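Here the protein sequences line up with chains A, B and C, keeping their order.
When we follow this note's numbering, the leftmost residue of the first sequence carries the number 999, and every step to the right adds one.
When we follow this note's numbering, the leftmost residue of the second sequence carries the number 15, and every step to the right adds one.
When we follow this note's numbering, the leftmost residue of the third sequence carries the number 77, and every step to the right adds one.
Calculated from the structure, these hints are not laboratory results.
All figures in this text were calculated on a predicted structure; none of them were measured in a lab.
Yeah, the Cβ is synthetic: ideal placement off N, Cα and C, and Gly gets one too.
Please note that the accuracy of each hint is not assured.
What the hints assert, rightly or not - With the C-beta cut set under 8 Å, the calculated list includes, among others, these residues of chain A facing chain B: (1) Tyr-1186; (2) Ala-1196; (3) Ala-1197; (4) Asn-1203; (5) Arg-1318.
Stated by the list, open to error - Cut-off 30 Å, straight-line C-alpha distance, at most; resulting in silico cross-link-like pairs (DSS-like, lysine-lysine): (6) Lys-164(C) / Lys-238(C); (7) Lys-164(C) / Lys-244(C); (8) Lys-1292(A) / Lys-244(C); (9) Lys-1292(A) / Lys-257(C); (10) Lys-148(B) / Lys-257(C); (11) Lys-257(C) / Lys-244(C); (12) Lys-84(B) / Lys-148(B); (13) Lys-244(C) / Lys-163(C); (14) Lys-238(C) / Lys-163(C); (15) Lys-163(C) / Lys-257(C); (16) Lys-257(C) / Lys-164(C); (17) Lys-257(C) / Lys-238(C); (18) Lys-238(C) / Lys-148(B); (19) Lys-163(C) / Lys-148(B).
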Amino acid sequence: MRFVVYLRRVIPALALIGATLVLAHSVSTHWLSTLIALVMWSCNAVAWNIASGYTGIFSLGHHVFFGVGAYTSTMLFLRAGVSPWIGMFLGGLLAALLGAAVGGVTFRYQIRGVFLGLTTLALGEVARSVAAGWNWIGGPVGLLLPMSNDPKNFIFIERLPYFYIAFAMLLTYLGIAWLIERSWFGYYLKAIREDEGAAEASGVNTYLYKTVALGISAGLTGMVGTFYAQYMLFIAPDVVFHFDVTLNMLLGVMVGGSGTLFGPVLGSSLFTALGEGLRNLPLAASARVAAGSKMVYAAILVITALYMPGGIVGWWQSRRSTRTPAREARPHAA
Amino acid sequence: MLLEVHNVTKHFGGLTAVNNVSFHLLEGEILGLIGPNGAGKTTLFNCITGVFQPDAGEVLFDGQRITGLKPHAVCARGIGRTFQITKPFPNLTVEETVMVGALHQTRNVSQARARARAILEQLGLAHKADTLGKHLTVVERKRLEMARALATGPRLLLLDEVVAGLNPHEVEVVTELIRNIRNQGTSILMIEHVMQAVMALSDRIVVVNHGQKIADGKPDEVVSDPQVIEAYLGEGALGAAS
Amino acid sequence: MTVEVALQTLLSALLTGCIYALIAVGFTLVFGVLDIVNFAHGNVAMLAMFATYVLFHAFGLDPYVSALILAPSFFLLGLALYQGLFKKLVELPHSTHIMVTLGLMIGTDNLANFIFGADLRGVNTSYTTASVVLGDISLQVARAMAAGVAVVVVSGIALFLKYTDFGKSIRAAASNRLGAKVCGINVERVYLISVALAVAAAALAGTVMMPYYLVSPVTGHEFLNKAFAITVVGGMGSFGGALVASLIVALVEAFGGLLLSPTLANAIVFGLLILVLLFRPSGLFGQRPIH
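Whenever a hint applies, use it, and build me the whole structure from the sequences.
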């Protein structure tokens, strides 16, 4: 890439990174928590985007992978003393294998893409009820992690270390997405997304690569699950195996910009910020507020899907090129 | 023999789309595949390239069985194809689209890009390199189909009605392109209705009707075969053959 | 497991299967004709159940009386749903279908939650607990009545599809949209009626379930999962397949729950789904692999 173009992209990115680091150091603990949440959920969105935005695989059960990651590392830590630093990768691997298995079953025989959505949605609910009924992993009450300062076991008293870890994860995830985007693998995934039949005829083993893409997406999500467990020090079926986890990824990616690099981060941050903001409002019936806000999210989802399918980033890109009206900025065509 | 089709049959429920069809193609040949609409030509292509599994019969490529292989595996053996109803990648640029084909030959993205550019140049699409697939005209889409298939480096290229809908001048341009492709070493099996192109290009022609082969031979022989004339219901379709 | 328990379970499953059929039929119809998978389909039944609940507690209306109001109302709602939304979806990519109907699902989940809260609600009619004893097994009157309604309506739809002209045009459009248009079939109207019919059928199913079933905002998800499982087991867009599959799914759920564990019933149905996807993805009556 030409050096000038390179600089124009890299400098703002570095500036943003620098600004975020400064911000993290200067704000109060409360805002730091918000920042950590923003970064953590952005990781999830980037992971989901690899399957959906790049490959056209719309998993509606990514919370299963999240939960598998969280429970694997936590159980290994609580029952076998395995450090969650290692457990994170083991959980991620298990989640990746599960993702590949789900893909392996549902991608055969050119089964409709929508079926993956329905299957993963059902899988999510099954996982939740199975986990709730499984006492060995804590049942409906969940698992608590010990609060102490135990860096070797991924537990910190201070918030700042969590921020650094989450931020490092996000940068890594973005790096992985970026590498995929510009590699042959990325071209193949996008071809699959655009037209599987044409991709196959051009030599792309669509079954294999879809399965791998889902596996990668699932594994990355699983690792965020471990981070969540270590940060919140509490996991339960109703929390980590909850559809809301997937919903956040979905909203973030669709509104931010499916198939783009930064769209998921942008969209996810918007919704996380909204959510955190709502939570801080002194409103009496917070359950109703939650329901009401979800109704608004649902409306946003429908409107975005119909009128702004490229999300915010897609819309922005289409403004700069007169050829593609926003309504047509549809990066995926499943 | 590069391609051998032996007794291939394909049913769809009660309809027998391809009925016991056999033919062969020699390396370096351009073989025309013609027949009235619904005769089973595209189905035959789909059976060869692995989109469908034949219910009976075998397909051999370079002496090896390829019957029932998945499409990407067939492509790996060296067969490329275009689709009658074009399948562009709507949200990828023309260059990116051809790169997908080129990446079959090399995993290196820059090399694939260079290869794609060369092929776009060869097929006269270089000026549209940055246009998204969904913004192309039908003519450009057909050209893109050929470019993408060619980029995979096939020994045999299956063309499905690539000159349909083109005006006579455009037909000549594409005819020349196809001839060049063959001269560079790629054999061609082409489904075509436009007799101008078929007669100009084909070394031999196979005619199918109602899923069965009714003629197989040199263009002049086939064109004067009474069964063929009858199948097309009159000399109108064959009149352009000169 | 004794013979009585087995028979009881069998009876229960058959009755449940009839209701599932009524829900699945609409789901399969919209999928087969418009090629749209409606994630909000289960929630139609859920909303109808809440509506029945309200009519009962506010006006004392028996669910079967409410059905006379609700079925037509939901039919109209279905017409509006098509005109206002699904009509646009038809030519859009499948990814958009997912997002839009998922949005509808989430929106209606939370609408119900907003108005009613998360608790389970039910109605208590005079016949809610009535049952008829047949030898060693008992037949719940409310469930039998509901199954009866379901059977009548599903049969009606089947006959309609098979023998009436409009029904045939629906089947034609399902099998080949462009071909149907070329034959002069008013495909728009086919789509419109199919959606409305699907919504009405699901609503009716919900309404007649109220005498014996409880509803909460998440009830719709169970129905969606069943409808999906039935569609996969029965075969894509196969109406007859959906009917048979409804019984199969109900039987697997009932006996699986009996033999393994009641709380694992949905996991067992999911297991069935995976098995079918693995070994016979075209379903029982599907012609070839789905697509």
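Violating hint indices (sorted, rising): 5, 8, 9, 18
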